[in-house]
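Novice: Starting from the known structure of chain P, arrange chain R with the ligands on it as the hints suggest.
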Amino acid sequence: MKKHTIVALVQDRPGVLSRVVGLIRRRGYNIESLAVGHSEAAGISRLTIVIEWHDVEQVVKQLYRLIDVVKVSDVTEDQTVEREMALLKIHAPAAKRPEIVALTDVFDAKIVDVGTSTMVIEMTGSPSKVQNLIDVVRPYGIKEMMRTGRIAMVRGARGHGADDVLEGAGQAAVPSAALN
Amino acid sequence: MSEKRTGAQIMCEVLIRNGVDVMFGIPGGAIMPFYYAMWEYRDQLRHVLCRHEQGGGHAAEGYARATGKIGVCIGTSGPGATNLVTAIADAMMDSTPLLAITGQVGSHVLGKDAFQETDITGITMPITKHNYLVKRVEDIAYTMSEAIHVATTGRPGPVLIDITKDAMVAATVPTWEFAFDLPGYKPTYQGNRRQVREAIRLLTQARKPLVMAGNGVIMAGASDDLREFAERTRIPVITTLHGIGSFPEDHPLSIGMPGMHGWVHVNRAIQECDVLLNIGGRFDDRVTGKASTFAPNARIIHVDIDPSEIGKNVRVAVPIVGDARLVLRDLLAELPDRDALGSLHSAASDWMEHIREMQDRHQQKQQYLVRPDGMLLPPHDVYRGLTAALNSRGNYRVCTDVGQHQMWAAQLIDWHRPRTHITSGGAGTMGFAVPAALGVAIAHPGDTVWAVCGDGGFQMTNQEMATVVQEGIRNIKIAIINNGYLGMVRQWQELFENKRYSGTPLSGPNFAMLAAAYGWKGLTIERSEDVAAAIDEAYDTDGPVLIDFRVEREVNVFPMVPQNKSIGEMIYE
Ligand SMILES: Cc1ncc(C[n+]2csc(CCOP(=O)(O)OP(=O)(O)O)c2C)c(N)n1
Ligand SMILES: [Mg+2]
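These protein sequence lines are chains P and R, in that order.
Heads up, the final residue of the first sequence is numbered 180 in this note's numbering, and it's a clean run with no missing numbers.
Heads up, the final residue of the second sequence is numbered 1573 in this note's numbering, and it's a clean run with no missing numbers.
The reader is advised that the hints may include incorrect statements.
[Unchecked claim] Taking lysine-lysine pairs in the DSBU-like style, the calculated list, with each CA pair at most 30 Å apart, reads:
id, chain 1, residue 1, chain 2, residue 2
1, R, 1290, R, 1186
2, R, 1312, P, 2
3, R, 1186, P, 71
4, P, 3, P, 89
5, R, 1312, P, 61
6, P, 61, R, 1069
7, R, 1290, P, 2
8, P, 61, R, 1521
9, R, 1312, P, 71
10, R, 1565, R, 1290
Just so you know, the hints here were simulated from the structure itself, not pulled from any lab data.
Same shape as in the complex, but just chain P (with noise of 0.2 Å):
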């Protein structure tokens, strides 16, 4: 099965992370990473989602179905910048620190904290490459290790703004009553 890259916008309001969540659970999808923060619109948050299936079109329209979520787009074959961040706790005793120090500088990552026997490395870039700095300093020892999710971003001009998604907002749908 495929791993799909899904961006949303949500209203930012109690329960909605819930909502997205327990909607997806509940189809028995698979999510693998789920990433949430406030986006650049007052009162809009944007998540980024990745998740495993077949069809990928039911799940788009059914997050449409939360009366919390204004966008949703499956970015997967789109020109994205995606990211994520991991910090990696590794074990290293004075002797093999010169190595790894080398290792970091080559991945572009940095190490944000020494201890008598750890480091920790920050590790920011594409989800794959810090997939390949994990593989290559797991014969050190990881001792504790936090990921981000992954984070994206379709590129260029033709984006996902929540700017132009809120114009109207605010007005009334017309009830069906008013239609019967």
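Specialist: Leaving out everything else, chain R with the ligands in the frame of chain P:
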């Protein structure tokens, strides 16, 4: 109106401003402030005290389904709220506009396992269209108005609003000027015109076209437009379980119900048709049978207000997102004039002739017109008597429960008008009919409302008979199709599990005596000869009447498509 109001008073005013005039519920600690306030508004807001919150929920659903207006039910925190869950789930499955109002413990003790605290917004998240927890009096007017807006627009559905007790008690000067802040909620009503034209192109070139009408036609009030469309195109019309009443069954273009217990000729027509226009139905698996084998020769045009329904269960050639009525009007507007429809008309008339031939071949057996030997009271004799009375007395609405009796009612009663057949379709909730009938009877005091129940489902919610009496409701009658079994399950056991009747034989009290204990008239009927007189007596009694029809115990609903089989593979006996 610049006076201060308590949160509870504001709740009443929001309801009145939105045209609500009746609510079904049960009070308790956390919701008491609302009950205190509603006393002042009792001339405008009728409160119906139910005997169980599930009953209140189904009554509100019945009211909503019979009127198209929002139904309102109320429960206190904890068990009051959880008792509403079944009705909320039912409303979700059947797209019923429902507002569930629940009291919540004080905001200062939220999350501390306070007495009667339940996370009802968490519990109902997957079974509501949306839900809200309100903790501040200032938020009540806006949030509750938004809740009603969400429940009643787009694809309707249940919305729950959980309000803490302190927010109901606190006071504020309410503001009523607000625009809804719902950037993510913009239902599409108008169908895409290009798709509408494409639909017309397919339909006019079709040789074996069909229209399938679902709940969406009824909810959009589109029956007249459907009729005009059918008459101008002469395309045969199928009505799904929830589409029943959207198109009159005595119309020459009506061919009946599809699906698991649909008619053979209807299912065969679906399997043969070349273009299928589904308006406001969601291709439920009870309609499609094994979905991959459904309508193999058809190009499907699907009109639905909910984009997520399109392409969910079956492949669709022409998707049209929109309101059934507006889309039907566009279809009518795009239809070529009569001369240009000549070839469609002649194809449709050959096709109809073929369908009627299939119907004639199976009619006798299907409609139970042949009376089996040795049965004192076959269930279909009850339906025959009931149908005759409904037709001659007029102005009827029928709520059915879930099981064999429900399918017989859908098959055998003559349905003509929208919002007269009210049943639990999507969720299949036993116990729906009696409380739903209570809601329908209140909505339409001039109609006679029948609850047609099984002996099993009746025993799940019959306590609402007391509510009927307390409320002085007189236009309600109950027919129990009493077969001494959880009949539909027994049927499956008979057909697919070697007659291992595990957990299905069922006893009950003497239902007529139970009715009398509630202050109803109760009748017991055991022979076909007595059916008509009993129904007449029910009609001629000014007040609630229950008839216990003790029918032959082991009769099956046919035709039937076994689960997961193609609808082409129907069994008869
Ligand atoms: C609340 C609930 N529990 C269980 C079922 C499963 N079920 C479906 S039909 C049926 C039998 C209903 O029996 P009865 O009410 O006597 O109706 P009959 O089929 O005999 O007409 C049952 C148990 C259900 N639909 N709803
Ligand atoms: Mg029964």
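Novice: A separate judgement is required for each hint: does it hold in the structure or not?
Specialist: Hints and how they fare:
no. : hint                 : result
1   : 1290(R) with 1186(R) : violated (33 Å)
2   : 1312(R) with 2(P)    : holds (19 Å)
3   : 1186(R) with 71(P)   : holds (11 Å)
4   : 3(P) with 89(P)      : holds (28 Å)
5   : 1312(R) with 61(P)   : holds (10 Å)
6   : 61(P) with 1069(R)   : holds (27 Å)
7   : 1290(R) with 2(P)    : holds (26 Å)
8   : 61(P) with 1521(R)   : violated (51 Å)
9   : 1312(R) with 71(P)   : holds (20 Å)
10  : 1565(R) with 1290(R) : holds (5 Å)
Violated hints for the displayed structure, listed by number in ascending order: 1, 8.
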